[in-house]
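Residue numbers (the numbering used here), protein chains in the order written: chain A, 2 to 249; chain B, 145 to 518.
Keep in mind that the hints were calculated from the coordinates and are not lab data. Just so you know, not all the hints are guaranteed correct.
[Stated by the list, open to error] Computed Cβ-Cβ distance ranges for the label pairs, DEER-style: (1) A/Glu-143 x B/Gln-282: 30 to 36 Å; (2) A/Ser-134 x B/Glu-239: 39 to 45 Å; (3) A/Ala-113 x B/Gly-437: 31 to 37 Å; (4) A/Ala-238 x B/Gly-457: 51 to 57 Å; (5) A/Gln-243 x B/Glu-482: 43 to 49 Å; (6) A/Glu-15 x B/Asp-165: 39 to 45 Å.
[Claimed, not checked] So these bits of chain A aren't anywhere near chain B, every CB distance computed over 12 Å: (7) Ala-51; (8) Gly-60; (9) Asp-66; (10) Tyr-89; (11) Glu-143.
[What the hints assert, rightly or not] Restricting the straight-line Cα-Cα distance to at most 16 Å, the calculated cross-link-like pairs of lysine to aspartate or glutamate (EDC-like) are: (12) A/Lys-55 x B/Asp-363; (13) A/Lys-212 x A/Glu-237; (14) B/Lys-333 x B/Glu-278; (15) A/Lys-55 x B/Asp-467; (16) A/Lys-55 x A/Asp-16; (17) B/Lys-333 x B/Glu-290; (18) B/Lys-261 x B/Asp-319; (19) B/Lys-240 x B/Glu-211; (20) A/Lys-55 x B/Glu-468.
These numbers were taken from a predicted model, which means no experiment stands behind them. In this text, a Cβ means the ideal position worked out from N, Cα and C, and glycines have one as well.
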Amino acid sequence: MSTLEIRDLKVAVEDKEILRGVNLTVKAGETHAIMGPNGSGKSTLAYAIAGHPKYTITGGEVLLDGVDLLELSVDERARAGLFLAMQYPVEVPGVSVSNFLRSAVTSVRGEAPKLREFAKDLKSGMDALSIDSAFAQRNLNEGFSGGEKKRHEILQLELLKPKIAVLDETDSGLDVDALRVVSEGINRFRASGETGVLLITHYTRILRYVKPDFVHVFAAGRVVEEGGPELADKLEAEGYEQYTKASA
Amino acid sequence: MGLNEKPLSTLHEKASYDLADFEVPTGREEAWRFTPLARLKGLHNGKAAPSGQVVTQVYTPEGVRAEWVGRDDERIGKAYVPADRVSAQAYNGFEKALVVTVSQEAAPEGAITVEVKGNGGEGAAYGHIVVVVEPMAQATVVVQHEGTAVYADNVEFVVGDGATLKVVSLQDWADDAVHVSHHHAQLAKDATFRSFVVTLGGDLVRLSPSVSYTGPGGDADLSGVYFVDAGQHLEHRLLVDHSQPNCKSNVDYRGALQGEKAHAVWIGDVIIRVAAEGTDTYELNRNLILTDGARADSVPNLEILTGEVAGAGHASTSGRLDDEHIFYLQARGIPFDEARRLVIRGFLGQLIEKIQVEELRERVMNAVEAELAR
Ligand SMILES: Nc1ncnc2c1ncn2[C@@H]1O[C@H](COP(=O)(O)OP(=O)(O)O)[C@@H](O)[C@H]1O
Ligand SMILES: [Mg+2]
């Protein structure tokens, strides 16, 4: 059973301190929602854990099953079992979705999947997320709508089967149908009970489909309140104003 | 980018069969300022002994005529007049020219392949090739260069009324080769020309593809990919001379550079003359600079002398690999080296996709793959 531990994590971007000591532990079988206003540092947390070069770690630790992720390269972290669904998935010209997915699956599993098996997995994965099979031949994220990009992120989540998934605003920009499809994908991923989810969101809407076990409120680069699912209802009713004022 | 409103260029004014009409370049001339003359091994100053060993072989599908002809054959030099010193040197230096003819309305199956192989040896070699595609005919020509040589040549593509010619030219020379070449396509009324240039190997390659039109309705597409390693100088100088109304041209060259003193030069000149109303042209050059110490010079130049163009534009970009692309792939477990290869292959592959003949497309892709794996 896996555990992601974030201990007193401090992160700067271009000499500006953004995360000011984040503590959070996600265990297999748990879903944690991180909620917070725009600019509070949610994406910074996600990117810093994944190892984006723009973010400088100025203090703290991130451990996955005791292994210090901060010592690993971006791809090593992914192969160690970490997955980041990005808020703004990047368009990569000239690299086809199927090529990309095959390379990713090969890297993460440590061996090339059998071609026929892979084709089958890909097909059923795409069907489940209502992604047209023609997407396999398209360039990665290029010309995808916002919703298509997000569905494609969840497709990768399901194919790569990480231990811990960090989902950064996967719900934003989705219409109700797409939100349901994406949420079902996340729920399939958590169904085994052997995976942990860190669900970053600005809105409570997705939490009706993906029920969290814990809710953390994020403001000005740290967790300012924690609780169970009922905390989301409180945020729904009252908004973030009380937190932004307090920490400003 | 905005349009240039400079007066007519003097760059391409000079043309002559006579070597004496061209002074020995010093490196200060606009046409020579990027080229390391000392590495031309005497091609530019008459000091190269004509003792080089280059063997040219041609393979033709049924219905195509290939002949080796003497210097006095009247088909030589009809479409193209040498435009610089090395070109004139080559014109005066070759012994036999290869003339390939595709008869009117013929559509031979399979490509005409010309293999140019350098067998080393001291001194330079010169060549001349004429490809005539008669009216309404269709043909594909592959020219591939390999081995060690100091080689200068001129290639004339004469595309007749309503004819289509597709050319793939692969420069995959050995590391010490020097190659200076002019490829000129002359398009008659409603002719179609597709050129795909792939330059990978050689110490110094300077290839000048040019296009002229003798009637309206001509359509030229010139694509190129190059991969420049440490110490290599790979130069492509394009000229599209629109002198006829309602013709099209599209130029798209892309290169990747890596290593100390890897040097790419791309010159893209397009002239739209007064008579060339309704011209539609676009030229683009993109360079991916993979390491420090590599350098790309990219100079697009569009000169419009008529008020009535259908479209005219150009763009040039040189940049590093995008960190965000690499991050995205790495975040999915793909190791850095492979992520980098995928992105570079994608960048060049988008252009290679344009090669319609599958076998050729794969061959070019494989050549690029081999380069990436080095
Ligand atoms: N690449 C960056 N360069 C400069 N500032 C950044 C960068 N990324 C984030 N920031 C700043 O960090 C803060 C947190 O941003 P972010 O993590 O994107 O917040 P959230 O995801 O909660 O909306 C913001 O003030 C933002 O302006
Ligand atoms: Mg964000």
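Against the structure, the hints come out as follows:
no., hint, result
1, A/Glu-143 x B/Gln-282: 30 to 36 Å, "33 Å, holds"
2, A/Ser-134 x B/Glu-239: 39 to 45 Å, "58 Å, violated"
3, A/Ala-113 x B/Gly-437: 31 to 37 Å, "35 Å, holds"
4, A/Ala-238 x B/Gly-457: 51 to 57 Å, "55 Å, holds"
5, A/Gln-243 x B/Glu-482: 43 to 49 Å, "48 Å, holds"
6, A/Glu-15 x B/Asp-165: 39 to 45 Å, "59 Å, violated"
7, Ala-51, "5 Å, violated"
8, Gly-60, "22 Å, holds"
9, Asp-66, "17 Å, holds"
10, Tyr-89, "9 Å, violated"
11, Glu-143, "10 Å, violated"
12, A/Lys-55 x B/Asp-363, "46 Å, violated"
13, A/Lys-212 x A/Glu-237, "15 Å, holds"
14, B/Lys-333 x B/Glu-278, "12 Å, holds"
15, A/Lys-55 x B/Asp-467, "9 Å, holds"
16, A/Lys-55 x A/Asp-16, "11 Å, holds"
17, B/Lys-333 x B/Glu-290, "35 Å, violated"
18, B/Lys-261 x B/Asp-319, "14 Å, holds"
19, B/Lys-240 x B/Glu-211, "10 Å, holds"
20, A/Lys-55 x B/Glu-468, "10 Å, holds"
In the structure shown, a violation is registered for the earlier hints numbered 2, 6, 7, 10, 11, 12 and 17, in ascending order.
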